[in-house]
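Novice: Let the hints inform the model, and build the full structure from the sequences given.
Taken in order, these protein sequences are the chains called A and B.
The first sequence begins at 0 in numbering that gives the first Met the number 0 and counts up by one.
The second sequence begins at 0 in numbering that gives the first Met the number 0 and counts up by one.
Note that these hints are calculated values from the structure, not bench results.
Just so it is clear, the structure is predicted and the values come from calculations on it, not from any experiment.
Among the clues, some could well be false.
Note that identical chains are pooled: a pair holds if it fits in a single copy or bridges any two copies.
[Unchecked claim] Heads up, simulated BS3-like pairs for lysine-lysine below, C-alpha to C-alpha not over 27 Å straight-line:
id, residue 1, residue 2
1, K76, K90
2, K37, K190
3, K37, K4
4, K4, K22
2 protein chains.
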Amino acid sequence: MSRLKLYFDLMSQPSRAVWIFLKATGIPFEEKPVALRKGEHQTEEFAKINPFQLVPVIDDGGFVLYESLSICKYLAKSRNLADHWYPSELKHRARIESYLQWHCLMVRLFASQVFRIQVIEPRAMNKPVDRQRLAKYENILSVVLDSFETVWLKDTPYICSNEISIADVACICELMQVYAVDYPLWEDRPKLEAWSKRVRERLNPHYDQANFMVDKVRNHFLASKI
Amino acid sequence: MSRLKLYFDLMSQPSRAVWIFLKATGIPFEEKPVALRKGEHQTEEFAKINPFQLVPVIDDGGFVLYESLSICKYLAKSRNLADHWYPSELKHRARIESYLQWHCLMVRLFASQVFRIQVIEPRAMNKPVDRQRLAKYENILSVVLDSFETVWLKDTPYICSNEISIADVACICELMQVYAVDYPLWEDRPKLEAWSKRVRERLNPHYDQANFMVDKVRNHFLASKI
Numbered sequence: 000m001s002r003l004k005l006y007f008d009l010m011s012q013p014s015r016a017v018w019i020f021l022k023a024t025g026i027p028f029e030e031k032p033v034a035l036r037k038g039e040h041q042t043e044e045f046a047k048i049n050p051f052q053l054v055p056v057i058d059d060g061g062f063v064l065y066e067s068l069s070i071c072k073y074l075a076k077s078r079n080l081a082d083h084w085y086p087s088e089l090k091h092r093a094r095i096e097s098y099l100q101w102h103c104l105m106v107r108l109f110a111s112q113v114f115r116i117q118v119i120e121p122r123a124m125n126k127p128v129d130r131q132r133l134a135k136y137e138n139i140l141s142v143v144l145d146s147f148e149t150v151w152l153k154d155t156p157y158i159c160s161n162e163i164s165i166a167d168v169a170c171i172c173e174l175m176q177v178y179a180v181d182y183p184l185w186e187d188r189p190k191l192e193a194w195s196k197r198v199r200e201r202l203n204p205h206y207d208q209a210n211f212m213v214d215k216v217r218n219h220f221l222a223s224k225i
Numbered sequence: 000m001s002r003l004k005l006y007f008d009l010m011s012q013p014s015r016a017v018w019i020f021l022k023a024t025g026i027p028f029e030e031k032p033v034a035l036r037k038g039e040h041q042t043e044e045f046a047k048i049n050p051f052q053l054v055p056v057i058d059d060g061g062f063v064l065y066e067s068l069s070i071c072k073y074l075a076k077s078r079n080l081a082d083h084w085y086p087s088e089l090k091h092r093a094r095i096e097s098y099l100q101w102h103c104l105m106v107r108l109f110a111s112q113v114f115r116i117q118v119i120e121p122r123a124m125n126k127p128v129d130r131q132r133l134a135k136y137e138n139i140l141s142v143v144l145d146s147f148e149t150v151w152l153k154d155t156p157y158i159c160s161n162e163i164s165i166a167d168v169a170c171i172c173e174l175m176q177v178y179a180v181d182y183p184l185w186e187d188r189p190k191l192e193a194w195s196k197r198v199r200e201r202l203n204p205h206y207d208q209a210n211f212m213v214d215k216v217r218n219h220f221l222a223s224k225i
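Specialist: Pasting the structure below:
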């Protein structure tokens with residue numbers, strides 16, 4: 000059987016989520032780096048793998064799949080991983096699914112916007128940061144993070160769970176985007192801070208390995224502000 | 000056993016998706032209308048049911064669940080529905096999941112924005128439609144719909160399937176938002192048009208019943224342009 004292939008770039012937060020998930024669960028895979036900065040995702044060759052020309056993508060013996068969460072769910076079941084990664088019990092799974100849907104249009108969307116306005120847009124358009132738009136999205140993200148603590152971490156050490164799941168991996172990887180631009184993630188959010196440390200420890204050494212790119216962006220961002 | 004309760008408003012597109020799904024699959028439920036226009040979702044009482052104060056929500060004998068897609072997935076499995084609604088086979092399900100993740104940040108996000116800029120924002124802020132923002136989002140939605148045809152409907156009459164699934168129900172309900180504001184959904188998109196008719200027929204009479212609100216908004220929108 001041909002080996003599982005992962006097309007990814009650790010600059011992309013959903014790529015980091017899938018890479019960390021594969022490493023933490025011990026699933027063997029072949030690394031197929033796609034350098035976004037070099038436009039390797041925009042080639043005709045890559046469009047044959049993913050018509051949306053985005054990473055991550057897996058190729059599992061000819062079965063090609065894109066979108067990070069569907070990749071994690073498929074791997075959890077096809078590799079018979081420990082149940083906590085993507086629970087079988089209907090109500091438990093439903094809560095994780097409920098979080099993941101909320102996640103896409105809340106954590107992912109607004110964390111991406113805060114990063115985008117400060118890093119991607121100024122570079123792409125050679126313009127200063129749009130402070131008014133930034134303030135708007137930072138305020139929304141603040142409400143989102145408060146809800147994350149009070150709703151999804153209300154009674155459990157992980158998202159709706161006593162053990163780690165794909166929801167925690169997806170969430171922490173999105174939050175690292177705004178850590179890179181020095182957003183005060185943990186200010187007045189002790190539950191979020193404790194959860195972040197717990198998830199990081201649970202996923203290390205793979206978490207820190209994947210996040211070296213985040214640290215690089217963060218250091219560059221902080222240096223540019225001096 | 001207490002009966003399944005659905006908190007909903009047919010003005011909300013995810014509410015319409017769950018309502019149509021319940022009717023089309025014959026799952027008995029008690030209707031708990033929540034009138035968004037009257038602010039019934041903003042009461043303290045409703046916040047006890049859903050801390051995000053959004054619809055739809057189900058209460059299944061004390062098990063409360065929000066977020067439309069997780070509700071459909073949970074019901075498909077807990078009621079042992081016909082497999083096509085949410086397939087069991089791993090790769091088939093993975094493709095549906097892949098679509099659903101793409102859907103949230105593409106179809107749902109951009110169709111909502113096009114509707115919002117033309118209906119919700121002018122009313123809430125008592126300002127004319129922001130034509131520049133509208134054109135931007137209409138252009139993105141056009142690309143999204145082209146991809147919908149060429150990728151997700153590439154080889155199958157329904158989304159990645161030979162039979163209808165929760166993906167089709169979710170998608171058609173979001174698209175009805177832009178139908179309400181006369182967006183040229185079907186212009187030069189024969190596959191999308193044929194798919195829409197197919198899904199509507201498959202879900203009728205429930206589809207038309209739920210969409211009377213869409214028609215009402217559309218008629219009002221068209222009249223305001225004369």
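Novice: Hints first: check each against the structure and report whether it holds.
Specialist: Hint check results:
Taking identical chains as interchangeable, the C-alpha atoms of K76 and K90 lie at most 27 Å apart whether they share a chain (17 Å) or sit on different chains (10 Å). In this assembly of identical chains, K37 and K190 lie within 27 Å of each other by CA distance neither inside one copy nor across copies; the values are 39 Å within and 35 Å between. In this homomeric assembly, K37 and K4 come within 27 Å of each other (Cα to Cα) only inside a single copy, at 21 Å, whereas the closest approach across copies is 52 Å. Within a single copy, K4 and K22 get their C-alpha atoms as close as 13 Å, which meets the 27 Å cut-off; across copies the closest is 42 Å, which misses it.
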